[in-house]
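Since each chain sits alone in its own frame, please combine them into the complex, following the hints.
Now for the letters of each chain:
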Amino acid sequence: MRPALLLASVLADPQRALSLAGEDWQALLTVARAELLLGSLAHRLDGLALPPAVVAILADARVSATHGRTQALWEAEMARRALAPLGVPVVVLKGTAFVAAGLSAGVGRSIGDLDILVPRTALNVVEHALIDAGWEWVKPDPYDHLYYRRWMHELPPLTHPERDRMIDVHHTILPPTARPTPDAAALIADALPLGNGLAVLSPADMIVHAAAHLFADGDLAGGMRNLWDIDRLLREFADHPDFAETLRARATRHNLCAATARAIRLARRLYETPVDQTWAGRSQVTDGLYLRRLTARDGWGRERRPASRFAFYVRSHWIRMPPLLLARHLWTKARR
Amino acid sequence: MRHGFAVRVGPVGFRIGSEWQAPVAALARLYEGYPAPPDGVADFTVRLEAARPWRRWARPAITIRGDFTLPDTAPLPLAQGLLAAEMGMNLQMALGARRWLLLHASCVERDGRALLMSGHSGAGKSTLSALLGERGWRLLGDEFALLDPATGLVHPFPRPVSLKNESIAVMAADISHERFGPLIAGTPKGDIRHLRPAADAIARMAEPARPALLLFPQFGQTEDLRPVGPVESFVRLTQASTNYVALGETGYAALTALAQGIPAIGVDYPDTASALRLVEALWAEAPR
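If you read the protein sequences in the order shown, they are chains A and B. Residue numbering for the first sequence follows this note's numbering, starting at 1 and increasing by one per position. Residue numbering for the second sequence follows this note's numbering, starting at 337 and increasing by one per position.
In isolation and in its complexed conformation, chain B is listed as follows (with noise of 0.2 Å):
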């Protein structure tokens, strides 16, 4: 293709093409730090293709493609590229991915013992990754955690965060623009700003960690904490893994284990302070 970009992230490495420059460039500066695929072999391919080839040029609009596609995908104006280029790599993991268990859960580390922290979208479970990888904690990921069968270890996946309406403005407060991606507008999940996790997330993406706490975070009127047994656990993650049923088996022990081996809390809090303060709590009670 005209444009590529190749980067790892975590364990995985992706190589996107593009028809268009921008997309190449914008991802270039976002993933500035972050190293290349090993060996020169990434594992996935994503394509940002023009839906028609005039479309190159007459109103364009980029069709994410690649290794693994969904039909029926609506393409994304080219002001939007960078935000295709992200999808396309979720696209990827979601759909391709079979060496770990993916859980669409945020991650975050200290001490080696990770915190998973899974919900709806909205739930609240990015920006607070995003608020913790601040705030002393390692930032693993905020879209997927990837735990590993064979092992029970989550690998991180450091990707930007991807930063939504209000959040945007939380986190820009206290954070040098150089980590900003650019502000990415009018889209259907309203506006979006990728932030490049911290210096520290980067550097030690091979560097696993055990899981030692479940969180399952969401926007309440008051504070709440309710102990989830571990078949509720089990089941919730299940619906927020895209690979279990692909991984059959392998899937059903290592989710089993996961979810028998670590307390899990649900938390409603009414605001960010709040809701940071009862993370700290509740993993200073967390067994070790």
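This is chain A alone, in the form it adopts within the complex (with noise of 0.2 Å):
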């Protein structure tokens, strides 16, 4: 079995993981790193009777995410102190979100950023505020101010020196440029407090975000992660009475119906996530296309199909951007 598809069949079932032989191990861990998916894997595997060199590697796994996770929870907590005295609400988003609220997707789960939505009429006082306690501008080029606030839904990165950590403070789930609008008002208004003053995103909320943060807006790079998320958040969820009503209907008002439903079915057909087939629409001969993306990867931890990525390379552009505005960012970009 090609090893991001063994990755995705052990993370589905850990009892396949009781019948490997060294050589596939070798591959499944190189790939589940190289796909930020160690920590996740290491914690669906824990207490089974494996080969000691790989309970060694996933405990060492495990360690790293515990304490990943402390580190997001305290620079969340770092950006609530920071934000608190402007009395605006303030969504956490993605993996700290999960760890958060407590969520399975968040077990193992490694995190990188801080995402945080706000209000746009608050976007101003929010940069300032978080300039005031310490963050810093990441990219100093005056085009790239230009462009992020003109143009995408989130402020240009911040980070905070002493703690080497960014944050990424959006208004809105997608560029305002792309095709798709989401209800932004709407995803704050339903938001769930933590009783912090941090919220996070209502589980339908969560799981369309998650969708159109994996085929609407990027290129699809560390996909499998994206979509482990989706299918830990169908789970937790889909046994509530009516969510497959409540999820058609976030999606529809967020405009992303299509991503939503790509997103179930490449995770029922990934990761098997037991969710009925009419929640998914019909399946697309465009879907074999996204999983070849989703599962370039090969035993030694390098990217594959070069093809394939370029392409939706292209496409992450082509969704975000019109026509002519792509053409005058990347003239832009390509003269300096």
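Do not rely on the hints blindly, as some may be mistaken.
To be verified - Here are the computed distance ranges between Cβ atoms for each label pair: (1) M166(A) - D484(B): 26 to 34 Å; (2) P371(B) - W74(A): 39 to 47 Å; (3) H513(B) - T332(A): 54 to 62 Å; (4) G458(B) - M1(A): 44 to 52 Å; (5) H513(B) - R16(A): 36 to 44 Å; (6) P371(B) - E162(A): 39 to 47 Å; (7) P140(A) - W393(B): 39 to 47 Å; (8) P389(B) - R335(A): 22 to 30 Å; (9) R16(A) - R395(B): 43 to 51 Å; (10) P140(A) - R388(B): 24 to 32 Å.
Derived from the structure by calculation, the hints contain no laboratory data. Beta carbons: idealized from backbone N, C-alpha and C, even for Gly.
Pasting the structure below:
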């Protein structure tokens, strides 16, 4: 089995790990690390009778993930303290939200930047409060700043030099230039408070956001991890009565039905997510292309299938920007 | 990848893949007598890749990649393939290791007790440990000391010693050429030649030792000894550790225990002969 598919299969059903040979393990662990899924895998396989060398590597990965979790929560707390006096709603997103809300998607997850969502009208005060609290711009280039402020769904990235952590301040979940237009006000209005002044998206919005991030924004790099988030979220919430209905309604509201349906279809194919076929819509020929791109990694951890990756890279720009704007953007970037 | 080599050093398994045969052949010769990773599973993967596909043949240049990669590392010429592999392994340890607190220090053992030597690059800790390793001590490592936070023991990490410039001739004088790797000339650090540790260092690579003495050696005009307090030791070792921050509270506990538990001494030495004499004298006085 191809290593990335093996990883997906073992994540979906850890018992399958019991029959692996040494070289399978090597490829599995290497791909898991490259896809930032080693911590998640380590938690899935905890307690199984595995070769000692594997047990040691997985134990390390759990230690790393625990430390990463502490750091992510601390960074969220630092942002909370900086922003609390403003009295604006602050929603934490992605990995930090999963661990803060105690969701299974957060177990063992690697977490990079802190992502927060605030109302667009509050962007200015939030920006100043963060800078007063010690955050600094990562990209000093004026074109980058102009570009972010005019066309992006987030401020240019800020970093805190003492803690060496980045924060992305979003005012919505897709660039305004992208074709779908999510309802940012509804995301914030229906967010669930964590009790400390921060909030997380509602379950359905979390899934729609993860799908938007995966299929309507980037080039699918690291997509196995994002799809794993979606699998975990679906499994956690799918049994709630009417969840299918709620999810469909939210996806419609945010203009992200296609991305959400595709996320569900691919999660079913890659991670065997046990949700009804009717959630996923009819399968499409292009689903196979997405799967090929998502699993483009070999047992040495190298990215494969350059043509597929390039095609999705081009697509990521195409879907985010109208052609004229894209041309102007690439022209400016090429000239400097 | 086209060519591969796997080896175990102390408690760590490495797998090195290469697009060229030469670096892997050099590794196999240098690591003769080392075991393979346990269970056939290496902790870390290093990849020696061509920066661009055509760079496999045309002006071949090695880019070091792997589980953990630093962006913007300058490629090395193919002639320095062995160095690239060694740097790749160091990089994996520095960025990826979490089982131990990594101290940038050389380490030797006698009677189950370990002597740690920490210092900036060029302070002579590598050469000193290599010399001691030929004079009745067991070499645990010339680059990293692996401090186990659970037990306080240091685990051996007996990689081939990376000898630089003048120290190459010093060591080559009384050690069989069998144990030396090829001379790698013209690196950013000058000439480099690797020395495989003595047989007992490899045979006993699974045996940890309890730290007993910490030295901060450096070249000086005159001999000088200076006791170093636990606070200064602690601070210097945090700077000498590659994963102190990543280990969080565990790293703090392990390092404070080490700094408070063993004596530390700054040693200025004018030449290797006096360094060896000072080390033996300090070791004889170290509390048991």
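A quick look at each hint next to the structure:
1. M166(A) - D484(B): 26 to 34 Å: holds, 33 Å
2. P371(B) - W74(A): 39 to 47 Å: For W74(A) against P371(B), whose Cβ atoms are near 41 Å apart, the range 39 to 47 Å holds.
3. H513(B) - T332(A): 54 to 62 Å: holds, 59 Å
4. G458(B) - M1(A): 44 to 52 Å: Distance hint for G458(B), M1(A) holds at roughly 49 Å.
5. H513(B) - R16(A): 36 to 44 Å: This hint is violated: roughly 50 Å between Cβ atoms.
6. P371(B) - E162(A): 39 to 47 Å: holds, 43 Å
7. P140(A) - W393(B): 39 to 47 Å: Distance hint for P140(A), W393(B) holds at roughly 40 Å.
8. P389(B) - R335(A): 22 to 30 Å: holds, 28 Å
9. R16(A) - R395(B): 43 to 51 Å: holds, 45 Å
10. P140(A) - R388(B): 24 to 32 Å: Check passed, 30 Å falls within 24 to 32 Å.
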